[in-house]
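There are 2 protein chains.
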Amino acid sequence: MHYGSEILSRTIDELMKLPGIGRKTAQRLAFYLLKSSQEDAVALANAIVELKEKVRFCVQCFNASENDLCTICRDVKREPALICVVEETNDLLAIEKTSEFHGLYHVLQGHLSPLDGIGPDDLRIRELMQRLEKTEVREMIIATNPNAEGEATALYLMKLVKPLGIKVTRIARGLPVGSDLEFSDEVTLSRALTGRQEM
Amino acid sequence: MHYGSEILSRTIDELMKLPGIGRKTAQRLAFYLLKSSQEDAVALANAIVELKEKVRFCVQCFNASENDLCTICRDVKREPALICVVEETNDLLAIEKTSEFHGLYHVLQGHLSPLDGIGPDDLRIRELMQRLEKTEVREMIIATNPNAEGEATALYLMKLVKPLGIKVTRIARGLPVGSDLEFSDEVTLSRALTGRQEM
Numbered sequence: 001m002h003y004g005s006e007i008l009s010r011t012i013d014e015l016m017k018l019p020g021i022g023r024k025t026a027q028r029l030a031f032y033l034l035k036s037s038q039e040d041a042v043a044l045a046n047a048i049v050e051l052k053e054k055v056r057f058c059v060q061c062f063n064a065s066e067n068d069l070c071t072i073c074r075d076v077k078r079e080p081a082l083i084c085v086v087e088e089t090n091d092l093l094a095i096e097k098t099s100e101f102h103g104l105y106h107v108l109q110g111h112l113s114p115l116d117g118i119g120p121d122d123l124r125i126r127e128l129m130q131r132l133e134k135t136e137v138r139e140m141i142i143a144t145n146p147n148a149e150g151e152a153t154a155l156y157l158m159k160l161v162k163p164l165g166i167k168v169t170r171i172a173r174g175l176p177v178g179s180d181l182e183f184s185d186e187v188t189l190s191r192a193l194t195g196r197q198e199m
Numbered sequence: 200m201h202y203g204s205e206i207l208s209r210t211i212d213e214l215m216k217l218p219g220i221g222r223k224t225a226q227r228l229a230f231y232l233l234k235s236s237q238e239d240a241v242a243l244a245n246a247i248v249e250l251k252e253k254v255r256f257c258v259q260c261f262n263a264s265e266n267d268l269c270t271i272c273r274d275v276k277r278e279p280a281l282i283c284v285v286e287e288t289n290d291l292l293a294i295e296k297t298s299e300f301h302g303l304y305h306v307l308q309g310h311l312s313p314l315d316g317i318g319p320d321d322l323r324i325r326e327l328m329q330r331l332e333k334t335e336v337r338e339m340i341i342a343t344n345p346n347a348e349g350e351a352t353a354l355y356l357m358k359l360v361k362p363l364g365i366k367v368t369r370i371a372r373g374l375p376v377g378s379d380l381e382f383s384d385e386v387t388l389s390r391a392l393t394g395r396q397e398m
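Order-wise, the sequence lines are chains A and D.
At position 135 of the first sequence (counting the first as 1) the number is 135 in the numbering used here, and the numbers step up by one without a gap.
Each number in the numbering used here comes from the position in the second sequence (counting from 1) with 199 added on.
I should point out that these hints are in silico values taken from the structure, not numbers from a laboratory.
Be aware that one or more of the hints could be misleading.
[Stated by the list, open to error] Distance windows between CB atoms, simulated: (1) A:Gly22 - D:Leu380: 37 to 45 Å; (2) A:Leu181 - D:Pro319: 50 to 58 Å; (3) A:Ile171 - D:Glu205: 23 to 31 Å; (4) D:Asp212 - A:Lys167: 38 to 46 Å; (5) A:Ile171 - D:Gln237: 32 to 40 Å; (6) A:Arg131 - D:Ser312: 51 to 59 Å; (7) A:Asp13 - D:Ser298: 18 to 26 Å; (8) A:Gly195 - D:Thr297: 52 to 60 Å; (9) D:Asp321 - A:Leu155: 57 to 65 Å; (10) A:Pro176 - D:Asp379: 33 to 41 Å; (11) D:Asp239 - A:Lys159: 31 to 39 Å; (12) A:Lys97 - D:Asp321: 38 to 46 Å; (13) A:Glu6 - D:Ser298: 19 to 27 Å.
[To be verified] Derived DSS-like pairs: lysine-lysine, alpha-carbon spacing no greater than 30 Å straight-line: (14) A:Lys24 - D:Lys333; (15) D:Lys361 - A:Lys97; (16) A:Lys54 - A:Lys17; (17) D:Lys333 - D:Lys296; (18) A:Lys97 - A:Lys134; (19) A:Lys54 - D:Lys234; (20) A:Lys77 - A:Lys24; (21) A:Lys77 - A:Lys134; (22) D:Lys276 - D:Lys253; (23) D:Lys358 - D:Lys333; (24) A:Lys97 - A:Lys35; (25) A:Lys24 - D:Lys361; (26) A:Lys162 - A:Lys134; (27) A:Lys54 - D:Lys358; (28) A:Lys35 - D:Lys333; (29) D:Lys296 - A:Lys54; (30) D:Lys366 - D:Lys333; (31) A:Lys134 - D:Lys234; (32) A:Lys17 - D:Lys296; (33) A:Lys97 - A:Lys77; (34) A:Lys35 - D:Lys223; (35) D:Lys216 - A:Lys24; (36) D:Lys361 - D:Lys333; (37) D:Lys296 - A:Lys24; (38) D:Lys234 - A:Lys17; (39) A:Lys54 - D:Lys216; (40) A:Lys17 - D:Lys253.
By construction, the Cβ of each residue, glycine as well, lies at the ideal position given by its N, Cα and C atoms.
Working from the sequences, and respecting the hints, build out all of it.
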């Protein structure tokens with residue numbers, strides 16, 4: 001693709017490496033940056049550099065953190081005997097937004113996916129097991145995604161952790177709140193039926 | 200929103216300033232950058248800084264360029280008497296991809312939009328008029344978008360340029376190649392009818 005400028009072309013190529021950004025979007029972003037103020041563009045570039053320099057992963061739960069321990073792991077008001085296992089930091093953020101969970105997290109940084117060559121050693125499972133050995137854990141909530149990979153990962157973890165005598169739970173799968181029974185898919189609906197709870 | 204890291208939060212805010220990037224996408228991009236290699240992230244940041252430093256607009260046609268004149272304006276094989284007026288550099292790229300046009304361009308850098316307070320003085324119209332006075336132009340093709348703003352801009356330019364004795368044409372509007380008559384909207388279909396050509 002001929003953009004009339006080597007640098008413009010390179011910027012578009014770099015933007016296209018980002019997930020979910022195709023050529024058209026990368027072009028739009030690059031032209032936006034070209035027209036935007038010098039300060040805005042430099043602020044973005046600096047934020048990216050600083051992000052890589054200063055933000056790493058919490059040594060305990062693998063959430064994003066500027067220190068060895070993340071703000072959640074350092075929070076003394078949180079319950080350390082309750083651990084919620086999620087796939088990614090995004091999932092942790094989604095749960096934090098509910099304000100329903102007051103324990104700690106463990107971010108796996110992915111899910112099992114044999115087809116993509118991602119096995120247990122590629123996730124933070126070894127670190128999770130070491131953590132469960134060191135600390136007294138009452139319950140482990142598995143909050144991996146309710147899709148094929150997430151369910152497989154949940155099953156794998158359950159088999160690994162249950163023998164340690166720790167209570168292992170899985171987030172409920174069923175009909176989304178506010179949805180219509182009529183328009184729900186059959187897998188979700190059958191899940192909602194088998195997972196029914198007494199009122 | 201509490202991300203557990205001030206820098207992460209700032210990076211997400213900066214990414215959200217980009218067009219079409221909401222909070223969820225900005226989060227996904229930031230977490231991707233966090234996990235990606237140091238080189239990739241720095242390459243992106245450097246490309247953005249260099250883009251702002253070295254890429255500007257061609258003094259003749261306002262296409263992106265690293266020099267005073269862009270590669271198209273400098274190309275002696277292109278026909279200077281044929282000028283294609285487009286709204287944005289993206290549109291120029293789209294036309295270049297067809298390899299059908301061998302003249303020069305004029306990038307307006309926007310379209311007339313009174314509701315957004317964008318009038319003729321906010322576009323590169325004055326520069327276009329100066330250019331038409333200085334050079335011998337045989338035909339001006341108006342290739343603004345076939346929507347309300349693009350049509351208004353085309354009409355405005357036509358009224359301005361036609362008195363100069365220059366042939367002014369508009370790109371054809373009709374049914375997209377490969378589409379179905381049945382599924383086309385009525386405005387497009389009526390355009391296709393009035394714009395019919397003898398075979």
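We went through each hint and held it up to the structure:
Separated by about 30 Å at the C-beta atoms, Gly22 of chain A and Leu380 of chain D break the suggested range of 37 to 45 Å. About 56 Å separates the C-beta atoms of Leu181 of chain A and Pro319 of chain D, a value consistent with the hinted range of 50 to 58 Å. Range check, Ile171 of chain A to Glu205 of chain D: about 30 Å between beta-carbon atoms, so the 23 to 31 Å window is met. Remark: the range hint 38 to 46 Å for Asp212 of chain D to Lys167 of chain A is upheld by a beta-carbon distance near 39 Å.
Taken as a hint, the range 32 to 40 Å holds for the pair Ile171 of chain A and Gln237 of chain D, whose Cβ atoms sit roughly 35 Å apart. Taking 51 to 59 Å as the suggested C-beta distance range, the pair Arg131 of chain A and Ser312 of chain D conforms, at roughly 57 Å. For the pair Asp13 of chain A and Ser298 of chain D, the supplied restraint of 18 to 26 Å holds, since their beta-carbon distance comes to about 22 Å. As the Cβ distance of Gly195 of chain A to Thr297 of chain D is approximately 56 Å, the hint placing it in 52 to 60 Å holds.
With their beta carbons about 60 Å apart, Asp321 of chain D and Leu155 of chain A fall inside the hinted range of 57 to 65 Å. The supplied range of 33 to 41 Å is met by Pro176 of chain A and Asp379 of chain D, whose beta-carbon atoms lie about 35 Å from each other. The supplied range of 31 to 39 Å is met by Asp239 of chain D and Lys159 of chain A, whose beta-carbon atoms lie about 36 Å from each other. Restraint check, Lys97 of chain A to Asp321 of chain D: a C-beta distance of roughly 41 Å satisfies the suggested window 38 to 46 Å.
The given range of 19 to 27 Å is respected by Glu6 of chain A and Ser298 of chain D, whose C-beta atoms sit roughly 21 Å from each other. Between the alpha carbons of Lys24 of chain A and Lys333 of chain D the distance comes to roughly 35 Å, so the proposed pair goes past 30 Å and is violated. Our distance criterion of 30 Å between C-alpha atoms is broken by Lys361 of chain D and Lys97 of chain A, whose separation comes to about 60 Å. With a C-alpha separation of about 22 Å, the suggested pairing of Lys54 of chain A with Lys17 of chain A holds against the 30 Å cut-off.
In summary, the hint linking Lys333 of chain D to Lys296 of chain D is supported, as the alpha carbons are separated by about 29 Å, within the 30 Å threshold. Between Lys97 of chain A and Lys134 of chain A, the direct Cα distance comes to roughly 29 Å. Compliance with the 30 Å bound is thereby established for this hinted pair. At most 30 Å may separate the alpha-carbon atoms for a hinted pair to count; Lys54 of chain A and Lys234 of chain D meet this at roughly 13 Å. Between Lys77 of chain A and Lys24 of chain A the alpha-carbon distance is near 47 Å, which puts this suggested pair outside the 30 Å criterion.
For a cut-off of 30 Å, the pair hint linking Lys77 of chain A to Lys134 of chain A stands: about 20 Å separates their Cα positions. Simply put, Lys276 of chain D and Lys253 of chain D have alpha-carbon atoms about 26 Å apart, close enough for the 30 Å limit, and the pair holds. Distance restraint check for Lys358 of chain D and Lys333 of chain D: the Cα-Cα separation of roughly 19 Å lies within the 30 Å cut-off, and the hinted pair is therefore satisfied. The suggested pairing of Lys97 of chain A with Lys35 of chain A is violated, with an alpha-carbon distance near 35 Å, which exceeds 30 Å.
Using a Cα cut-off of 30 Å, the hinted pair Lys24 of chain A and Lys361 of chain D is violated, with the two alpha carbons roughly 34 Å apart. With a CA separation close to 16 Å, the supplied pair Lys162 of chain A and Lys134 of chain A stays within the 30 Å bound. Taking the CA atoms of Lys54 of chain A and Lys358 of chain D, the gap is near 57 Å; set against the 30 Å cutoff, the hint is violated. Proposed proximity of Lys35 of chain A and Lys333 of chain D is supported: the alpha carbons are some 27 Å apart, at most 30 Å.
Of the supplied pair hints, the one linking Lys296 of chain D and Lys54 of chain A is violated, its CA atoms being roughly 42 Å apart against a limit of 30 Å. As the CA atoms of Lys366 of chain D and Lys333 of chain D are separated by approximately 16 Å, the hinted pair is consistent with the 30 Å bound. Taking the CA atoms of Lys134 of chain A and Lys234 of chain D, the gap is near 27 Å; set against the 30 Å cutoff, the hint holds. Annotation: proposed proximity of Lys17 of chain A to Lys296 of chain D holds, straight-line Cα distance about 22 Å (limit 30 Å).
Our distance criterion of 30 Å between C-alpha atoms is met by Lys97 of chain A and Lys77 of chain A, whose separation comes to about 17 Å. At most 30 Å may separate the alpha-carbon atoms for a hinted pair to count; Lys35 of chain A and Lys223 of chain D meet this at roughly 24 Å. Restraint check: the Cα-Cα separation between Lys216 of chain D and Lys24 of chain A comes to about 18 Å, which is no more than 30 Å; the hinted pair holds. Taking the CA atoms of Lys361 of chain D and Lys333 of chain D, the gap is near 16 Å; set against the 30 Å cutoff, the hint holds.
A threshold of 30 Å between alpha carbons decides the hint, and for Lys296 of chain D with Lys24 of chain A the separation of about 13 Å falls inside it, so the pair holds. Of the pairs offered as hints, the one joining Lys234 of chain D and Lys17 of chain A holds, with about 13 Å between alpha carbons and a cut-off of 30 Å not exceeded. Of the pairs offered as hints, the one joining Lys54 of chain A and Lys216 of chain D holds, with about 22 Å between alpha carbons and a cut-off of 30 Å not exceeded. Only pairs whose Cα atoms come within 30 Å are accepted, and Lys17 of chain A paired with Lys253 of chain D is accepted, the gap being roughly 22 Å.
Checked against the numbered hints above, the structure violates hints 1, 14, 15, 20, 24, 25, 27, 29; every other hint is satisfied.
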